[in-house]
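Novice: Okay, here's what each chain looks like letter by letter:
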Amino acid sequence: MDRRDIGRFVGMDQAEEEKVFQERVDAEEKIEPKDWMPDKYRKTLIRQISQHAHSEVIGMQPEGNWLTRAPTLHRKAVLLAKVQDEGGHGLYLYSAAETMGVSREEMIDDLHEERAKYASIFNYPTLTWSDIGAIGWLVDSAAIVNQISLQRTSYGPYARAMVRICKEESFHQRQGYNIMMTLMRGSDEQKAMAQDSVNRFWWPVLMMFGPHDSDSVHSAQNMKWKIKRQSNDDLRQKFIDQTVEQANAIGILLPDPDLKWNEERGHYDFGEIDWEEFRRSMSGGGPCSRLRLAHHRQVHEEGEWVREAMRVYENKKRSNQEAA
Amino acid sequence: MGTEISVKEYVVRLGDDALILGHRLSEWCRNAPFLEEDLALSNVALDFIGRASMFYTYAAELSGQDVTEDTFAYQRDCRDFKNHLIHELPRGDFAFTMVRQYFVDVYSLAFMTSLLESSDSRLAAIAGKAIKESEYHHRRSEEWMMRLGESTQESHRRLQSAVDELWRFTGELFDQDSPERELVANGVAVDTRALEADWNQAITATMSKISIEIPKDELQVTGGREGKHTEFLGFLLSELQFLQRTYPGLEW
Ligand SMILES: [Fe+2]
Ligand SMILES: [Fe+2]
Ligand SMILES: [Fe+2]
Numbered sequence: 001m002d003r004r005d006i007g008r009f010v011g012m013d014q015a016e017e018e019k020v021f022q023e024r025v026d027a028e029e030k031i032e033p034k035d036w037m038p039d040k041y042r043k044t045l046i047r048q049i050s051q052h053a054h055s056e057v058i059g060m061q062p063e064g065n066w067l068t069r070a071p072t073l074h075r076k077a078v079l080l081a082k083v084q085d086e087g088g089h090g091l092y093l094y095s096a097a098e099t100m101g102v103s104r105e106e107m108i109d110d111l112h113e114e115r116a117k118y119a120s121i122f123n124y125p126t127l128t129w130s131d132i133g134a135i136g137w138l139v140d141s142a143a144i145v146n147q148i149s150l151q152r153t154s155y156g157p158y159a160r161a162m163v164r165i166c167k168e169e170s171f172h173q174r175q176g177y178n179i180m181m182t183l184m185r186g187s188d189e190q191k192a193m194a195q196d197s198v199n200r201f202w203w204p205v206l207m208m209f210g211p212h213d214s215d216s217v218h219s220a221q222n223m224k225w226k227i228k229r230q231s232n233d234d235l236r237q238k239f240i241d242q243t244v245e246q247a248n249a250i251g252i253l254l255p256d257p258d259l260k261w262n263e264e265r266g267h268y269d270f271g272e273i274d275w276e277e278f279r280r281s282m283s284g285g286g287p288c289s290r291l292r293l294a295h296h297r298q299v300h301e302e303g304e305w306v307r308e309a310m311r312v313y314e315n316k317k318r319s320n321q322e323a324a
Numbered sequence: 001m002g003t004e005i006s007v008k009e010y011v012v013r014l015g016d017d018a019l020i021l022g023h024r025l026s027e028w029c030r031n032a033p034f035l036e037e038d039l040a041l042s043n044v045a046l047d048f049i050g051r052a053s054m055f056y057t058y059a060a061e062l063s064g065q066d067v068t069e070d071t072f073a074y075q076r077d078c079r080d081f082k083n084h085l086i087h088e089l090p091r092g093d094f095a096f097t098m099v100r101q102y103f104v105d106v107y108s109l110a111f112m113t114s115l116l117e118s119s120d121s122r123l124a125a126i127a128g129k130a131i132k133e134s135e136y137h138h139r140r141s142e143e144w145m146m147r148l149g150e151s152t153q154e155s156h157r158r159l160q161s162a163v164d165e166l167w168r169f170t171g172e173l174f175d176q177d178s179p180e181r182e183l184v185a186n187g188v189a190v191d192t193r194a195l196e197a198d199w200n201q202a203i204t205a206t207m208s209k210i211s212i213e214i215p216k217d218e219l220q221v222t223g224g225r226e227g228k229h230t231e232f233l234g235f236l237l238s239e240l241q242f243l244q245r246t247y248p249g250l251e252w
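Here the protein sequences line up with chains A and B, keeping their order.
In this text, residue positions in the first sequence follow my numbering: the first is 1, and each later residue adds one.
In this text, residue positions in the second sequence follow my numbering: the first is 1, and each later residue adds one.
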């Protein structure tokens, strides 16, 4: 008999169920939708996966703003394909969250009512074309570091969504880096534009990995349940180490005077993050946070008649089939 | 005989149609009524932008020296664009966009089928690729006509008003000026006049199925092929071309 069914079979109590659950997690078995799981595990995952889904979808706005202004037909097509992918990631993730018994409508409602969050990085405005380069290069790189780690998360549908998503992300990172590289080979104005974007996005991107491990509230339990596989600080360090080299290769300066190689640690040291700024952007104080949500709400409201028409049409078709 | 210029002009016209519609469709990405539609409309937009790129690339080859696909997209003014007006109209609500798309898809399918027989092998090759895309576009937009036409009062009302708005921009699709007629005669261009009857029949059949009325004897708005546009195109171009205009002559 499969271990996951033992509990139900022998009528175990809560503590025993939890013990079996933890043993399965420890043995690197994936937890599947129908398996027993602690309430808190389910809640944490619904929160995390839906937040991740909302981030993909809200993230379509800052980049989507530039679809009509991309400077060449090639860039236009590539950016459109990229933003479209992000929408697709949103879909995979909403589906993964739905396996836990929450509907997409409910999740969207939570977003609109501000009960659910999304990545604060998308509250920063895209002001110039090079912001599109900076986002693809830095934001998608950071997302990749995080998502590669999550491919090994303990909840099966989430892990599998991450595998699919990671396959597409490297193209996103490359298109962003390619924009930056092209600008850094260009005119003085283009170089200044690219550098300015990195100056604005660098610190917010570092904040994407979340608070320091010592300040992180949920970390210990999430690591034990293997929802999270690597700590915030470890992931951030990994991102910084790989990005410094990429910045050097195209002559971009990362705006941190404390950034330097530490032979002993085998990593780059870096400066202190301004967590006040982080808290402000997380609590709705970022430059665009109201706009992003207002936009999402408005589009959702404008689309209500279309979704209603779909529902009515599907119902009609179904009852016609049943009658036939 | 110097037909190259006219062939080039013809190819640019087809590129303009594709670019302007692709641009309008791309505006839906992040603005669609639900996520699956953001993706589907982006797909269609990508097909039209890709089509523009193929036509312009061919036109650039016919032009020689220092001309690229982007020269056509980014360095011409309103009067130089020769797209049919229907493509430049703002995206409107979802019904407006889908009715326009349905009108265009029925047209494109017939157009590309005919272009497949062009004596110009490059145009025939582009048609070969476009036709497969248009089949998919057409299935989709026709399905939306049914969904919107046979469900709620509101969707039916919106569908009807989209048809009312758009109808006067459809006649132009079948209107050919003399340079184009010449190219029809030597087998390069599609004889669009010959497509009109079938198009009308297909549209009438669909619309009658969903009780949508087609405006009668409406005065048609024309001028796109002469570069006489609606005021909307200027705004579209100022957005599309903003970077190339602000920083001329650079690589991006
Ligand atoms: Fe993504
Ligand atoms: Fe992501
Ligand atoms: Fe991405």
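Source of the hints: derived by calculation from the structure; they are not laboratory data.
The C-beta atom is built at its ideal place from N, Cα and C for all residues, glycine as well.
Hints are supplied without guarantee of correctness; some may be wrong.
[Claimed, not checked] Derived coverage of chain B by chain A (criterion: at least 3 residues anywhere in the stretch with Cβ under 8 Å from a Cβ of chain A; other residues may be distant):
no.: 1; stretch: 25-35
no.: 2; stretch: 42-48
no.: 3; stretch: 52-60
Novice: Indicate, hint by hint, whether the structure satisfies it.
Specialist: A quick look at each hint next to the structure:
With 9 residues carrying a beta carbon less than 8 Å from a beta carbon of chain A, the stretch 25-35 of chain B meets the three-residue requirement, and the given coverage holds. For a cut-off of 8 Å, the count of residues in the stretch 42-48 of chain B with a CB near a CB of chain A stands at 4, and the three-residue condition holds. Here the stretch 52-60 of chain B counts 3 residues with a CB under 8 Å from a CB of chain A, which clears the bar of 3, and the coverage holds.
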